[in-house]
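Undergrad: Sequence:
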Amino acid sequence: MAVPRSRILDLMKVRAPTQTDCDALTRPPQVQCRIFSTIFNPANERLGNKVLRQRLRGPALAAYYPRRVATFKDLKALYPDAEMYDTEEEDRLEHIQISKSRGKGAPKKKRTAAESTRKGKKR
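In UniProt numbering, the protein residues as written are 1 to 123.
Careful: at least some of the hints might be erroneous.
[Unchecked claim] No more than 27 Å apart at the CA atoms, straight line, and that leaves these computed lysine-lysine pairs for BS3-like:
1) K110 with K100
2) K109 with K73
3) K50 with K73
[Unchecked claim] Simulated DEER-style distance windows between Cβ atoms:
4) A43 with L9: 50 to 60 Å
5) L47 with R68: 33 to 43 Å
6) R57 with Q30: 48 to 58 Å
7) L75 with C33: 53 to 63 Å
What the hints contain is simulated information worked out from the structure, not anything from laboratory work.
We put the CB at the ideal spot given by N, CA and C, even for glycine.
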């Protein structure tokens, strides 16, 4: 990555610092920042430039996961009038019914605010 000499000289066009010049100490870092295309930060604040310079991770993460395949629910939504039988869903519903009959199912939802209060329960 060769840079033409004239470009470097243009970037370094800074007058020679004198004793009365209060910018004398900050001039060389400013020139250095212009040459190397970095941010001039004399107060040493946390600006987040390190994170912003990094490559984006989105495309790499999106390529890692496989594309979404059509599921049974998608087919059923596309063709609602077609007769389809989902064995996995039927097995799931049957399992829930069996567990409820043994008393192991999920509790019933409360329909009113009065039912959901804890007045009837003891601690």
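Undergrad: Just to be sure I understand the hint, the distance between the Cβ atoms of L75 and C33 should be within 53 to 63 Å; is that true here?
TA: holds (59 Å)
Undergrad: State, for the Cβ atoms of R57 and Q30, whether the hinted interval 48 to 58 Å holds or is violated.
TA: violated (32 Å)
Undergrad: A43 and L9, beta-carbon distance inside 50 to 60 Å?
TA: violated (29 Å)
Undergrad: Given the range 33 to 43 Å, decide if the beta-carbon distance of L47 to R68 lies inside it.
TA: holds (38 Å)
Undergrad: Hinted pair, alpha-carbon criterion (27 Å max): K50, K73. Please report holds or violated.
TA: violated (45 Å)
Undergrad: Measure nothing beyond the straight line between the CA atoms of K109 and K73; if it is 27 Å or shorter, mark the hint as holding.
TA: Judged against 27 Å, a Cα distance of about 26 Å means the pair holds.
Undergrad: Would you check the hint for K110 and K100, treating anything up to 27 Å between C-alpha atoms as holding?
TA: holds (17 Å)
The structure fails to meet hints 3, 4, 6 from the earlier list, while all remaining hints are met.
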